[in-house]
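Whenever a hint applies, use it, and build me the whole structure from the sequences.
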Amino acid sequence: MSHPQDLSLREQAAAVADGELDARELLSATLARIAERDGELNSVIATFPEQSEEMLASAPRGPLHGVPIAVKDMYTLPWRGPRDGTSREQLPPGESAVFRALRDAGAVVVGHTNTHFWGGGSTGHISAYGPVGNPWDVKRCGGGSSGGSAASVGARLVAGSVGADGGGSIRLPGAYCGVTGLKSTFGAVPADGYSHPQASVDAHGPFCRDAADARLLGEVLLGGELPAGDGSGLRAAVVHDPFWTDLDPDVERACRDALDASGWSVEEIALDGAEHAQVAAVLRLTLEGIPALDEEDLREADPLMRALVKYEKLLPAELLVRADRVRAQLRRSAAAAFERFDLLVWPTVPAPAPLIEAPVIDLPSGQYPADAPNVRQTGFGNLCGIPGITVPAGLSSGGMPIGLQLQAGWGREAVLLDSAEHLERATDRAHVDALPPIAAAAA
Amino acid sequence: MDAFERYVRSGLELAGIPVDDVDLAVMRAADAIYGPGMRALAGADLREVMPEIDLDPSRPPHAS
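Chains V and G, in that order, are what the protein sequence lines are.
Just so you know, we're using my numbering here: the first sequence kicks off at 1 and counts up by one.
Just so you know, we're using my numbering here: the second sequence kicks off at 1 and counts up by one.
To be clear, the hints were calculated from the coordinates, so they are not data collected in a lab.
Be aware that one or more of the hints could be misleading.
[As the list claims (entries may be wrong)] Cβ-Cβ distance ranges computed for the label pairs, FRET-style:
hint : chain 1 : residue 1 : chain 2 : residue 2 : range
1    : G       : SER58     : V       : GLY229    : 20 to 30 Å
2    : V       : ARG88     : G       : ALA32     : 24 to 34 Å
3    : G       : ALA42     : V       : ALA430    : 40 to 50 Å
4    : V       : ALA14     : G       : SER58     : 25 to 35 Å
5    : V       : PRO364    : G       : GLY35     : 17 to 27 Å
6    : V       : ALA292    : G       : SER58     : 13 to 23 Å
7    : G       : SER10     : V       : ALA32     : 54 to 64 Å
8    : G       : ARG9      : V       : PRO364    : 47 to 57 Å
9    : G       : ASP21     : V       : GLY263    : 34 to 44 Å
10   : G       : TYR7      : V       : PRO93     : 39 to 49 Å
For glycine and all other residues, C-beta sits at the position ideal for the given N, C-alpha and C.
Below you can see the structure in the form of structure tokens.
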């Protein structure tokens, strides 16, 4: 048999359930692969051999019995508090809702994954544990803030991981790393034991190699069935401005090709307030985090992060009030759109993953630090509270992954998974089955 | 010292927060990126846009 981490999540679960794969061997092989392969990738900042063994020893016969899962370093575990990309515990150890869901499904938590400092960036290049690399090129950003969760799945260290998304932090690194990342509807996964409990934009969800695996892990996290349906024949809407504008040409081509391959009916629409979505998202997600920071956090912060907090402290209060009016406008626009369409579709990221050394991207209008144009693509979903998924849609001319983002109405995660599976079939699984160099070299 | 630097230094001084040249350079870069959008938001006519007083992001807005 090949290495068990080359199996999909559902294959691992089935093999353990059928007795074809010993769960202790799976755990041991997973920890060995992390030790061998993570190195410069730096996606997993802590493993828990002893606690993982204990979890396995008492694991119930649930849908993920004996299957190793990694979680973002923003969730409490009974033996380790989350650090949020900083050097200090942000919460004491405990049972987060994410931990309980995994434990009750029989899963084994094997590690905490690298996180952008304070969960406050889309590149993952700032962390007390060093930058997280990309499985397709370790010199490039794995993304953020759930970059370690995305990269660990992309590199086949684990077949499933959990992340959080306050401004795109599941979808953006998912796109960078060429994996499937599902942001659930706000509130669908309880936030207890999560290090940003104050957030009105954050939601949680799985990273996996494909949509069927994401359905399995998503059902565990959301605590209910996500029944499979027919993802063909859906009605999709695209919003040209601002979401299909100022894109890297490779991104635009790959996303258009994927959308064309879907066979969905596609109509172009406008969303009232969309021109302010990026700034409204940035204001909401950054300002609501500031009261949670203390002096020690600020003292130890990276100079860039510290200066940005100071900048945010100077913003007029009126802007946040205006941002919330835009949020209301966008939510009404989205609700109206979902009365006519199943999906809103646009590129997840405007450009592929930048270099860690210089995390800027080149767009037709100029060169920018990646965060601002990234949030332009994803902040809308956070303000609205709707679920979204990034689906691998091809590679750039430089060999880096590109993601297509699908968003659906509140509570319609199953439709997103159906549509993602349909896209996989329509593209002969070429993009979800593509192996990154870090995995191909060892295969 | 231009208006931006005066605003940053005096605003942070009022709040008792130190500021150095690195802070100032980062803030200037951030303002170059986000400032135009924020100023557009500040100037937008939102008088007809009603806020969601009972915001619940887990559901569609009540009006719909």
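query: Which of the listed hints are not met by the structure?
result: Hints 8 and 9 contradicted; others consistent.
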